[in-house]
Amino acid sequence: EPEVTQTPSHQVTQMGQEVILRCVPISNHLYFYWYRQILGQKVEFLVSFYNNEISEKSEIFDDQFSVERPDGSNFTLKIRSTKLEDSAMYFCASSEAGVPGGSAQYFGPGTRLTVL
Amino acid sequence: GQSLEQPSEVTAVEGAIVQINCTYQTSGFYGLSWYQQHDGGAPTFLSYNALDGLEETGRFSSFLSRSDSYGYLLLQELQMKDSASYFCAVEAAGNKLTFGGGTRVLVKP
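In order, the protein sequence lines correspond to chains P and W. Residues 245 to 360 (the working numbering) make up the first sequence, in order. Residues 1424 to 1532 (the working numbering) make up the second sequence, in order.
Any given hint could be a false lead.
[As the list claims (entries may be wrong)] Restricting the straight-line Cα-Cα distance to at most 27 Å, the calculated cross-link-like pairs of lysine-lysine (DSSO-like) are:
1) P/K327 / W/K1504
2) W/K1504 / P/K286
3) P/K322 / P/K286
4) P/K327 / P/K286
5) P/K322 / P/K301
6) P/K301 / P/K327
[To be verified] Pulled a few chain W residues facing chain P out of the computed Cβ check, cut under 8 Å:
7) T1446
8) Y1447
9) Y1471
10) F1486
11) G1525
Worth flagging that the hints you see were computed from the coordinates, not collected in a lab. Glycine is no exception: its CB is placed at the ideal position from the N, C-alpha and C atoms.
Turn these sequences into a full structure, and let the hints steer you where they fit.
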């Protein structure tokens, strides 16, 4: 069964450093997303991406964040200058279709980011 | 903006039925989704309702009333493996999912 994959599984970085989180969405999916989940809290939407551009972004997704689809398979989230409060699990997701079709979003296993 | 309310925790025994309610306030609404998340795992899609009524998928069913801004997830014939957190999520423009705080379901033998 196809699945979303993410690398690395765990990333430790120093405050102020740049990190790039990588994702390979399911191959026939067209919509891609990043979410984050601070330990013990709910999942929070960061950004959605379709046709090589951002569809929607949340207030969390400020100028420190950027997304890119550098080739036909990868989808990346870059945080330019990490802060302590960026420590969280970051989930990539993809879906075959967008709303209002209600296409299920398939989540990857996540990258745990720890900022020291 | 969006806000969702669901109970924080439910405990039940194997074989029982559990209903997790979700009420929402949203400025844009396409549908209500339900996701399961085991500790340390990723959210897994369970069901989606765009129209009023009941959707059944095996032991799990989901209901939506758009006029009441209310939905629920029904877990039947509970099994130990159903112990997990369950999130309702409103689907809105830009394919954005806004998640509720989650309901931790604990299944006891």
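Now for the hints, and whether the structure bears them out:
1. P/K327 / W/K1504: 37 Å, violated
2. W/K1504 / P/K286: 21 Å, holds
3. P/K322 / P/K286: 22 Å, holds
4. P/K327 / P/K286: 20 Å, holds
5. P/K322 / P/K301: Satisfied, since the Cα-Cα distance of roughly 14 Å is no more than 27 Å.
6. P/K301 / P/K327: 19 Å, holds
7. T1446: 15 Å, violated
8. Y1447: At 13 Å from the nearest chain P Cβ, W/Y1447 fails the 8 Å test, so the hint is violated.
9. Y1471: Check passed: Cβ of W/Y1471 comes within 4 Å of chain P, closer than 8 Å.
10. F1486: 15 Å, violated
11. G1525: 6 Å, holds
Taken one by one, the earlier hints fail for this structure at numbers 1, 7, 8, 10, listed in ascending order.
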